[in-house]
Amino acid sequence: AQSVTQPDIHITVSEGASLELRCNYSYGATPYLFWYVQSPGQGLQLLLKYFSGDTLVQGIKGFEAEFKRSQSSFNLRKPSVHWSDAAEYFCAVGTNRDDKIIFGKGTRLHILP
Amino acid sequence: GAVVSQHPSWVICKSGTSVKIECRSLDFQATTMFWYRQFPKQSLMLMATSNEGSKATYEQGVEKDKFLINHASLTLSTLTVTSAHPEDSSFYICSARDRVTGELFFGEGSRLTVL
Chain A
1 AQSVTQPDIH ITVSEGASLE LRCNYSYGAT PYLFWYVQSP GQGLQLLLKY FSGDTLVQGI
61 KGFEAEFKRS QSSFNLRKPS VHWSDAAEYF CAVGTNRDDK IIFGKGTRLH ILP
Chain B
1 GAVVSQHPSW VICKSGTSVK IECRSLDFQA TTMFWYRQFP KQSLMLMATS NEGSKATYEQ
61 GVEKDKFLIN HASLTLSTLT VTSAHPEDSS FYICSARDRV TGELFFGEGS RLTVL
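Note that the protein sequences, when read in sequence, are chains A and B.
According to my numbering, the residues represented by the first sequence are 1 to 113, in order.
According to my numbering, the residues represented by the second sequence are 1 to 115, in order.
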């Protein structure tokens, strides 16, 4: 079965600084990978996803992620964070396009002014 | 864009009562819907996969008699928490997969508090 690990529970960065959130997955074949963001008391918003093709994926709100098969990773990056980026970020993995997706435990991002 | 609506968005009930939460895809048809449970400051735990016209598939450890799932149409799935207890208090989130595009959309969630 697939699984995903987000090693950082909390990350704090200063506004304007760059950001990288880590995600490692476990799955025998090529996974379907996702990053979602959840603001307090809100539902989930899809930031980006990887199914195949170019391993560097561009998403919304200036986010990007890179799929590295050799490292089983799909880290999320943003060159310059904004205070509005403070939220909970979830990495998720699926086995095919139509199957369920499993979420990591999430990383809470704090932004310092 | 596609919208998934959950109702109610929050509900408070007494212990021992049953609560029904609806998940609707508003502008697309969904043959598959998923129900997740999220405890405070924790991740989303997949409870079950709901397929239109058939029985739901529950994840290991989820009591199917406790959490009744019905997917009677291509736009509606319901989760009924039967004989709710305080430990059932949680944030329940549904997601629906567009049968045409395969895109997955999430509802805003329903917060259940059992007194």
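For the record, the hints were derived by calculation from the structure and aren't laboratory data.
Glycine residues also receive a C-beta, built at the ideal position from the N, C-alpha and C atoms.
There's no promise every hint is true.
To be verified - The calculated BS3-like cross-link candidates involving lysine-lysine, where the alpha carbons are at most 30 Å apart (straight line), are:
no., chain 1, residue 1, chain 2, residue 2
1, B, Lys64, A, Lys61
2, B, Lys41, A, Lys61
3, A, Lys49, B, Lys66
4, B, Lys64, B, Lys20
5, B, Lys41, B, Lys66
6, A, Lys68, A, Lys105
7, B, Lys66, A, Lys68
8, B, Lys55, A, Lys61
9, A, Lys100, B, Lys55
10, B, Lys41, B, Lys20
11, A, Lys61, A, Lys100
12, B, Lys20, A, Lys105
13, B, Lys55, B, Lys66
14, A, Lys61, A, Lys49
15, A, Lys68, B, Lys64
16, A, Lys68, B, Lys55
17, A, Lys49, A, Lys68
18, B, Lys55, A, Lys105
19, B, Lys14, A, Lys61
20, A, Lys68, A, Lys100
21, B, Lys20, A, Lys68
22, A, Lys105, B, Lys64
23, A, Lys105, A, Lys61
24, A, Lys105, A, Lys49
25, A, Lys100, A, Lys49
As the list claims (entries may be wrong) - Rough simulated footprint, nothing fancy, chain A against chain B, three-plus residues with beta-carbon under 8 Å:
no., region
26, 10 to 21
27, 30 to 44
Starting from the hint list further up, note which numbers the structure goes against and sort them upward.
-> 1, 3, 7, 8, 15, 16, 19, 21 and 26
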